[in-house]
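Visitor: Sequence:
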Amino acid sequence: MKTILKSLVIAIFFVGLVSTSYAQKAATAPASAEILQDLTIVLDGTLNAINFGRVSSTTPGTIVLDANSAASNVNTGTVTNVAQFDLGGANGGVTVFYDPTVTLTSGGGLTIVMTPEVIGDAVETNRATAIPVASGSTVTLADNAFFIWVGGSIPALTAQGVGTYSGTFNISAEYN
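For the sequence shown, the residue numbers in mature numbering (1 follows the signal peptide of the UniProt record, and there is no 0) are -23 to -1, 1 to 153.
Simulated from the structure, these hints should not be mistaken for lab results.
Owing to the predicted nature of the structure, the values given are computational and were not obtained by experimental measurement.
Backbone N, C-alpha and C define an ideal beta-carbon position, used for all residues, glycine too.
Misleading hints may appear alongside valid ones.
Restraint-style ranges between C-beta atoms, simulated for each label pair [stated by the list, open to error]: (1) S34 - N103: 34 to 40 Å; (2) S34 - N58: 19 to 25 Å; (3) A6 - D63: 34 to 40 Å; (4) T78 - E101: 23 to 29 Å; (5) Y152 - N58: 44 to 50 Å; (6) A10 - E101: 27 to 33 Å; (7) T39 - N153: 32 to 38 Å.
Please work from the sequences and hints to get the whole structure.
Guide: Dropping the structure here:
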């Protein structure tokens, strides 16, 4: 009898454990991904360099290469160029990132720090009215395109060492 009673108590215990397992709850979440065409950023074939021109080693004021219009350049040489980047991909938001400064270095190791001026517009012919694009900000592609122009400034030169100074401006973009 004791064995039957023990077996009955053990069976009731296990039945109680099984019934407590029904206290569990479950939930689900939907999962999705939107696959877009490749995002591209390409340096334009014509406006393919940031060039302040030929300037004096003692230029007294800031040298400004205006990204909107060469007519607004200050203290630059006569032959200048802004860089244009052609951004392509699916219509919608894209975040743009770029260097806050660019160090230009001469062959002799001397340096000048350039501060970029970056502007953009979804229409290539709107360069003169393009608006500033801050690094980390979102631009909107329309007709699968957005155009970015880069000029900048370098500080006044006081007995700056002569030579050709060069550096690299880095820019990238990613879908939001």
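Visitor: Check each numbered hint from earlier against the structure, then list the numbers of those it violates in ascending order.
Guide: Violated: hint 5 alone.
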